[in-house]
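Enquirer: Between the sequences and the hints, there should be enough to build the whole structure, so can you do that?
Protein chains in written order, with my numbering: chain L, 1 to 272; chain E, 273 to 544.
Treat the hints with care, as some may be off.
[What the hints assert, rightly or not] Far from chain E, by Cβ distances over 12 angstroms, these chain L residues were calculated:
1) Gly34
2) Gln61
3) Ala116
4) Trp117
5) Glu128
6) Glu154
7) Glu228
[Claimed, not checked] So the derived list for chain L, only partly shown, Cβ under 7 angstroms to chain E, looks like this:
8) Ile12
9) Gly92
10) Asn144
Quick caveat, the hints were computed from the structure, so don't treat them as lab data. As the structure is a computational prediction, the values presented were derived from the model and not from experiment. All residues carry an ideal CB built from backbone N, CA and C; glycine is no exception.
Number of protein chains: 2
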Amino acid sequence: VFLIDGIQTDLIDAGDRGLQYGDGLFETIAVEQGEPQRWPQHMARLQAGCERLGISLPDEQTLLEEARTLCADGRERTVLKVIVTRGSGGRGYRAFAGALSHRILSLHPRPDYPIAWQQEGIRIRVCETRLGLQPALAGLKHLNRLEQVLARSEWDDPDIAEGLMLDVGGRVVEGTMSNLFVVMDGRLVTPSLTNCGVAGIIRQEVMEAARTMGLACSEEELSLDDVEEADELFLTNSLIGVWPVREVEGRTYRVGATSRELAAHVEQVKEA
Amino acid sequence: VFLIDGIQTDLIDAGDRGLQYGDGLFETIAVEQGEPQRWPQHMARLQAGCERLGISLPDEQTLLEEARTLCADGRERTVLKVIVTRGSGGRGYRAFAGALSHRILSLHPRPDYPIAWQQEGIRIRVCETRLGLQPALAGLKHLNRLEQVLARSEWDDPDIAEGLMLDVGGRVVEGTMSNLFVVMDGRLVTPSLTNCGVAGIIRQEVMEAARTMGLACSEEELSLDDVEEADELFLTNSLIGVWPVREVEGRTYRVGATSRELAAHVEQVKEA
Numbered sequence: 001v002f003l004i005d006g007i008q009t010d011l012i013d014a015g016d017r018g019l020q021y022g023d024g025l026f027e028t029i030a031v032e033q034g035e036p037q038r039w040p041q042h043m044a045r046l047q048a049g050c051e052r053l054g055i056s057l058p059d060e061q062t063l064l065e066e067a068r069t070l071c072a073d074g075r076e077r078t079v080l081k082v083i084v085t086r087g088s089g090g091r092g093y094r095a096f097a098g099a100l101s102h103r104i105l106s107l108h109p110r111p112d113y114p115i116a117w118q119q120e121g122i123r124i125r126v127c128e129t130r131l132g133l134q135p136a137l138a139g140l141k142h143l144n145r146l147e148q149v150l151a152r153s154e155w156d157d158p159d160i161a162e163g164l165m166l167d168v169g170g171r172v173v174e175g176t177m178s179n180l181f182v183v184m185d186g187r188l189v190t191p192s193l194t195n196c197g198v199a200g201i202i203r204q205e206v207m208e209a210a211r212t213m214g215l216a217c218s219e220e221e222l223s224l225d226d227v228e229e230a231d232e233l234f235l236t237n238s239l240i241g242v243w244p245v246r247e248v249e250g251r252t253y254r255v256g257a258t259s260r261e262l263a264a265h266v267e268q269v270k271e272a
Numbered sequence: 273v274f275l276i277d278g279i280q281t282d283l284i285d286a287g288d289r290g291l292q293y294g295d296g297l298f299e300t301i302a303v304e305q306g307e308p309q310r311w312p313q314h315m316a317r318l319q320a321g322c323e324r325l326g327i328s329l330p331d332e333q334t335l336l337e338e339a340r341t342l343c344a345d346g347r348e349r350t351v352l353k354v355i356v357t358r359g360s361g362g363r364g365y366r367a368f369a370g371a372l373s374h375r376i377l378s379l380h381p382r383p384d385y386p387i388a389w390q391q392e393g394i395r396i397r398v399c400e401t402r403l404g405l406q407p408a409l410a411g412l413k414h415l416n417r418l419e420q421v422l423a424r425s426e427w428d429d430p431d432i433a434e435g436l437m438l439d440v441g442g443r444v445v446e447g448t449m450s451n452l453f454v455v456m457d458g459r460l461v462t463p464s465l466t467n468c469g470v471a472g473i474i475r476q477e478v479m480e481a482a483r484t485m486g487l488a489c490s491e492e493e494l495s496l497d498d499v500e501e502a503d504e505l506f507l508t509n510s511l512i513g514v515w516p517v518r519e520v521e522g523r524t525y526r527v528g529a530t531s532r533e534l535a536a537h538v539e540q541v542k543e544a
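Expert: What follows is the structure in C-alpha cells.
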C-alpha cells in the first residue's frame, strides 16, 4: 500500500530523481497499533538529511497526517517506509532550482524474526562487500544503497540474522541494516560514522541511555580484532530494537547484562 | 516519452528496487536519425554491469526493438536513456532470487551545448564534492549517483561546462558526467578507475584510437598538479564526443593537435 504525495497509488513518475539517481532519503519506522513509533526522531533525521543534500523538506504535519492515514489499517504491528526524493526533472544530474520533493509512503508487514533472536541472541557473519569511504554521505539514510544490496546477497542461510560490514580500510562499521555496539573493558563503543554508515535512531537512543545509566559510551574506530575480543556485542535498528549477538563466524559471545539492560530500555521506550 | 518493459507509460511501480535502493544500471545513448549510436558498446557495458551486480540481463534483441520504436520520432538528434533495475520486491535489501529486471527507456532532446565548446574548448572547474572509494562499484554506470548530483549542484554559471571530481584521496578521476584525458610528455593518460569513476564508452574508444595512431596511452593515478602541468586536456562522453578544455580555474590550455585528432576520430565513428 502506497501513499504518494498524498494520493493512494503504487505508481510513481519514472522521471523521479529517486529512480534516476538515487537522489533522496528514507526512514524505516516501526508502527504499533497504527501509530508510527519515534516519529520526532525519524523526522529530525529526515530534516537533517534534507538539509545536507539540499532537498526541500516536506511539511511535517502533512507527512504525519499521511503516515497516520496509511498506518490505520487495523494491524497490530507494521512497518512504515517514508521515502523523500528531490522531485522530478532537471537537466542530467543538475536539479531544477527549487524542485519540490516527492514523498512516497508505504506500509509493510513487520518481518517475522524469531522471538529467540531477541532473547538468546543471533548468529551473524562478516560480509565481503565493503563500505566505500565518503564523508559527504556518511551518516545519512540516503537512497544509494547498492553496497547493502550486494552485502545482503552474500548469504541465504535463514539462521544467519545479519552481516557485519567493514569499510574498504578494514574498520568494522555496521550491519547491512543495523548499527553495532560492543562492550569492552566495561564501556560501550559503537563505530564512528565519519566516512560511511547510517546514524541510526536506536543507535542514538542507546548512546543516550548508556550515559543516563552512567555507562561510558563512545564512538571509535573498531577493528575485527576489537570485535573478536569484546565481552558483549549487539545490533540495533528501529524494527528489531536490540539484538544481542551470540556468534560471529564461530566465535561465541555471552548475552551479557549490559546488552540485556539496554535492550530492556529500548523496549520500554517503545511501549511508552 | 517512456517505454517501460515494452509499454508506453511514464509511470513505474513504486516498489521498483531502482527507486528503493538505486539498485540498477543505466546507459545514456546518442541517437542520430532515429538510430541509437554505438549500440553494441553500450550493450556490452550494460551486460558486464548486470553480471557484476547479479542483475538479470534483459534480452538484447527486445531492448534494441524497444529502443528503435522509441527513437523513431522523426527528430534528427536525441538522447536515449536505458535504465535496467533489478526488478521489484524482495525483503529489504535482499532481492528475490531470480527477480526479473525492469527496463525503463526514455527519449530526451539533445542538450543544446554551444558549438564553440567542441571547436574552441571549454572552461571547467574543480568540484569540492569528492568521489568515495569503492572498488566493488568502480567503473559501473550504476544508479547510485548522489555524488554527481551534489557535485553538479556546486555551480550555476552556464559558461562553466563541466566540473572535475577528485576522489577522497585527492586523485583526479573524471568530470561529473564525462571522462578525462590529459596529454603530457607526448603521451595520453586517463585516470585509472580502480576505486571509483565510470568506464565511459568514448573513453574506451579514445584509448583504442590512440593505440591505432601509435600514441602511447595509459591509465594512471593523476594529481591536480599533473592536470596543471599537462599540455592538453579533454573530456569525453557519448553525447559530447570530445570537448577540449581551454581553462581550469584560471589555468589556460591550448587546444592541441592530439585533442583535435582524437576529437575528429570520435566524430568520424559517429558518422560511420
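Enquirer: Per the CB criterion, is Asn144 of chain L less than 7 angstroms away from chain E?
Expert: holds, 4 angstroms
Enquirer: Is the Cβ of Ala116 of chain L farther than 12 angstroms from every Cβ of chain E?
Expert: Label holds. Min Cβ-Cβ 19 angstroms, cutoff 12 angstroms.
Enquirer: Far enough from chain E: is every CB of that chain over 12 angstroms from the CB of Gly34 of chain L?
Expert: Non-interface label on Gly34 of chain L holds, nearest chain E Cβ at 22 angstroms vs cutoff 12 angstroms.
Enquirer: Closest CB-CB distance from Gln61 of chain L to chain E, is it above 12 angstroms?
Expert: Holds: least Cβ distance 23 angstroms, greater than 12 angstroms.
Enquirer: Classify the label on Glu128 of chain L as holds or violated, using whether its beta-carbon is more than 12 angstroms from each beta-carbon of chain E.
Expert: Label violated. Min Cβ-Cβ 9 angstroms, cutoff 12 angstroms.
Enquirer: Please confirm whether Trp117 of chain L is truly not at the interface, meaning its C-beta sits more than 12 angstroms away from all C-beta atoms of chain E.
Expert: Nearest chain E Cβ is 15 angstroms from Trp117 of chain L, so the label holds.
Enquirer: Please settle this one: Glu228 of chain L was flagged as non-interface, so is its CB more than 12 angstroms from every CB on chain E?
Expert: holds, 24 angstroms
Enquirer: Take the shortest C-beta to C-beta distance between Ile12 of chain L and chain E; is it under 7 angstroms?
Expert: holds, 5 angstroms
Enquirer: Given Gly92 of chain L was flagged as interface, is its beta-carbon under 7 angstroms from a beta-carbon of chain E?
Expert: holds, 6 angstroms
Enquirer: Would the least Cβ to Cβ distance between Glu154 of chain L and chain E come out above 12 angstroms?
Expert: violated, 10 angstroms
When the structure is compared with the earlier hints, violations turn up for hints 5 and 6 and for no others.
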